Amino acid sequence: MDAQVESVAASYPANSSYKSAMDPLMEGFAPSWNQRTGEEDPDYESSLLRWWKETGEKLQAMYMEDDDSSVFELDVDSSAAGSPPNKIWFIETAWERNQDLRAVLEDLCQATREAWEEGYPIPSDLALANARFLLRAAFKYARLRYEVYPTPDGEIAIDASAGRGCSVLLLCESEGGVLCLVNMNGKLRRARFSDALRLPDGFVCEALDEMVLSEVTRT
Amino acid sequence: MTSAEDFAPSENLGRSVFSSRQAKRAIRGIVPFHVFLEKEGEPLISVDRLDKSKSQEALQIAQSIATSRDRTFYGWAAVTADVAASNGRRVTPSPQPGNPFHADIVLPAPAIEDRDEQKQHAQELATEAQWRGLDEVRQPDIR
Chain A
6 MDAQVESVAA SYPANSSYKS AMDPLMEGFA PSWNQRTGEE DPDYESSLLR WWKETGEKLQ
66 AMYMEDDDSS VFELDVDSSA AGSPPNKIWF IETAWERNQD LRAVLEDLCQ ATREAWEEGY
126 PIPSDLALAN ARFLLRAAFK YARLRYEVYP TPDGEIAIDA SAGRGCSVLL LCESEGGVLC
186 LVNMNGKLRR ARFSDALRLP DGFVCEALDE MVLSEVTRT
Chain B
309 MTSAEDFAPS ENLGRSVFSS RQAKRAIRGI VPFHVFLEKE GEPLISVDRL DKSKSQEALQ
369 IAQSIATSRD RTFYGWAAVT ADVAASNGRR VTPSPQPGNP FHADIVLPAP AIEDRDEQKQ
429 HAQELATEAQ WRGLDEVRQP DIR
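The listed protein sequences derive, respectively, from chains A and B. Be aware that the first sequence starts at 6, since it is given in the working numbering, and climbs by one per residue. Be aware that the second sequence starts at 309, since it is given in the working numbering, and climbs by one per residue.
No lab work stands behind these hints: they were computed from the structure. Take the hints with a grain of salt, since some may be wrong.
Over 12 Å on every C-beta distance to chain A, these chain B residues come out as not near it, computed from the model [as the list claims (entries may be wrong)]:
hint: 1; residue: 317
hint: 2; residue: 364
hint: 3; residue: 375
hint: 4; residue: 401
hint: 5; residue: 403
hint: 6; residue: 408
hint: 7; residue: 428
hint: 8; residue: 429
hint: 9; residue: 440
hint: 10; residue: 442
Simulated pairs of lysine to any residue, SDA-like, Cα-Cα distance not exceeding 20 Å [said to hold, decoys possible]:
hint: 11; chain 1: B; residue 1: 332; chain 2: A; residue 2: 104
hint: 12; chain 1: B; residue 1: 347; chain 2: A; residue 2: 157
hint: 13; chain 1: A; residue 1: 192; chain 2: B; residue 2: 416
hint: 14; chain 1: A; residue 1: 145; chain 2: A; residue 2: 208
hint: 15; chain 1: B; residue 1: 332; chain 2: A; residue 2: 108
hint: 16; chain 1: A; residue 1: 192; chain 2: B; residue 2: 371
hint: 17; chain 1: A; residue 1: 145; chain 2: A; residue 2: 192
hint: 18; chain 1: B; residue 1: 332; chain 2: A; residue 2: 169
hint: 19; chain 1: B; residue 1: 332; chain 2: A; residue 2: 168
hint: 20; chain 1: B; residue 1: 332; chain 2: A; residue 2: 123
hint: 21; chain 1: A; residue 1: 192; chain 2: B; residue 2: 360
hint: 22; chain 1: B; residue 1: 332; chain 2: A; residue 2: 118
hint: 23; chain 1: A; residue 1: 145; chain 2: A; residue 2: 210
hint: 24; chain 1: B; residue 1: 362; chain 2: B; residue 2: 405
hint: 25; chain 1: A; residue 1: 192; chain 2: B; residue 2: 347
hint: 26; chain 1: B; residue 1: 332; chain 2: B; residue 2: 362
hint: 27; chain 1: B; residue 1: 360; chain 2: B; residue 2: 438
hint: 28; chain 1: A; residue 1: 192; chain 2: B; residue 2: 424
These figures come from a predicted structure and were not determined experimentally. Think of the CB as a built atom: it goes at the ideal place given N, C-alpha and C, for glycine as much as any other residue.
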């Protein structure tokens, strides 16, 4: 770990599981990170540590996915009074270092907690996974402003906006379906999909294209 | 459709927000659609007539409601009456004890029977909504 990471780690409250779990994680990850980017990322380790600090929970698993992203599963201790009953993630890839995407991915990580605090049904693992997939796919396709949040129906909403009057809403349902709602200045249309992994399809891409055009027109 | 004698097209109708997360998103520029989403089958969306009351008065009413629900009031997501009354919706005054400025946005029949349709109306209203946070509300009334 570099000096900055050491200082962040030093500020972390005493936690006996921290050193044993975090050190191998950092040793294994930092070199591959540098190989991929070819440069240092001073924020990466500290953001990981910040997450660790905020959640203060047990690290359940860390693994690499096919698309080279890393998933850190932190499982909240459901035996503790007042704790939400589900797990959250930390996800990172090279291109996800974009601050806007990182912010919404962090919101997605918090969605289970948010649902619990708001009194909503806890989103299913499938809804969360679909939302994560769709968010990254949508962000790659169109750099718009996105918000991610749980809904009273147990969905994860991916809300893309290009200012007042225009929005594309992707609702990832607990059973795996996705509802896409489009509003272009009062002109409404919608489509329902049973398989999120086939998205974004022509309907969704057309809506995102319209959003980008709308944003360009405004500016 | 509005009742012409009751609502000016530009009259602001505010949906109270009692969630800090929803308020933060609204401040960032995206009002979450479920701010305007009621329970399945519910045809009425409760709003406050912001232009009919003095800001401090409306704020006191909203905070009183929040207190009764053990919540905190953060502000309103406001739509104009003409937006509220478009796409088959209508607005109607519905004064209540303790809130003489209460009104309802009434959804059309298909939205009562179809949850997806109901969500689409919520999305449209949220997309058109402007955030009125406490900082703005606490400004002295100019009128």
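Honestly, which of those hints from before does the structure not fit? 7, 8, 16, 17, 21, 25, 26
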